Amino acid sequence: MRNVKIYVILLVLAAMIGYFGYNYFYQGHRDINTEAAAVETLALQLSEEFKKDTTQLLLNKTVIVTGTITEIDGNTITLDNAVHGAFDTMSEALSVNTQIKLKGRCIGYDDLFELVKLDQCSILK
Amino acid sequence: MTLALCIGATAISQKYSTKTGEIIFEASVPSFEEVKAKNTAVSAILNSETGDFAALVLIKGFRFKVALMEEHFNENYIESEKFPKATLKGSILNFSMNSIQEGTTVFMLQGDLTLHGESKELEIPITLISKNGTLELTTHFILNPEDFNIEIPNIVRNKVAEKIDVDVHLQLTK
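Going line by line, the protein sequences match chains A and B.
With the working numbering applied, the first sequence covers 545 to 669.
With the working numbering applied, the second sequence covers 5 to 178.
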């Protein structure tokens, strides 16, 4: 009888370790779309911040930027020639010269093109 | 003044570039979880006059299938907070637009690759194909993490390959 109890306890423990272990290893990705933004600013202002090299403060953070679309290339757009945003899937038709509010994850500053790059973008209404 | 503007304009038109190039790297070991990531926001510029080439990739832009792997890659191995980008600066040897038009497609790219704060000289074969005014650059090479001072802890040593396969695909437009 005592043995059975021990087996049951061991089994429950093993199941718990398995369950939490699995959830730890296969935890979900961040959902930038629903995450609260750390900063809300203008596209030009964001790139100024990066030129000042305060990169660390914004790197990997969710940001919201307002700007005018200056270029559309595949599933990416450029705002005010300062911020480059990539969509996982671009759901709506966008056109150059319209002002939008863009939410995305800041992945760093591209000094070849002098652009702040965002990924996993979405458009805010 | 006008002349200066004209020269400026031609200099610009000699540049082929992309902001949405693709890099995939893989360090998988059979029968363990796939170690593979993709970045689709690679910036690159090729000067078709001189063959000078520069590319930049933001490390945080590498996406893995497993979120925890992405976190460990960024925090423990490549330390992307400290070293947010990798760059390659160099030139394509014996490059000329004419030779591409005449059918030569394989060139050698020589340059310095900077990753994780360490630079290393690299000489790799690249393929260039000219198609409807764009230049398609593809290459595959192998990197050794030790060359860039990237340590793989013993605990995962047998789950991560020692050599890392890197595939690059750039669609360069004028």
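Heads up, a few of these hints could be off.
If the Cβ cut is set under 8 Å, some of the chain A residues that face chain B in the computed set are [stated by the list, open to error]:
1) Y551
2) H573
3) D575
4) L603
5) N604
6) D654
7) E658
8) K661
Hint data in this document are derived by calculation from the structure and do not stem from the laboratory.
Just so it is clear, the structure is predicted and the values come from calculations on it, not from any experiment.
The C-beta atom is built at its ideal place from N, Cα and C for all residues, glycine as well.
Results for each hint:
The beta carbon of Y551(A) comes no nearer than 30 Å to any beta carbon in chain B, farther than 8 Å, and the hint placing it at the interface is violated. For H573(A), the suggested interface contact is upheld, since its CB lies about 4 Å from the closest CB of chain B, less than 8 Å. For D575(A), the interface hint is violated, since its Cβ never comes within 8 Å of a Cβ in chain B; the closest pair sits about 11 Å apart. Checking L603(A) against chain B: minimum C-beta separation of about 6 Å stays under 8 Å; hint holds.
Nearest Cβ of chain B to the Cβ of N604(A): about 6 Å, under the 8 Å cut. The hint holds. A cut of 8 Å between beta carbons decides the hint on D654(A): the least distance to chain B is about 5 Å, and the hint holds. About 10 Å separates the beta-carbon of E658(A) from the nearest beta-carbon of chain B, more than 8 Å, and the hint is not met. Interface hint status for K661(A): upheld, as the beta-carbon distance to the closest one in chain B is roughly 6 Å, under 8 Å.
Against the hints set out earlier in the document, violations occur for numbers 1, 3 and 7.
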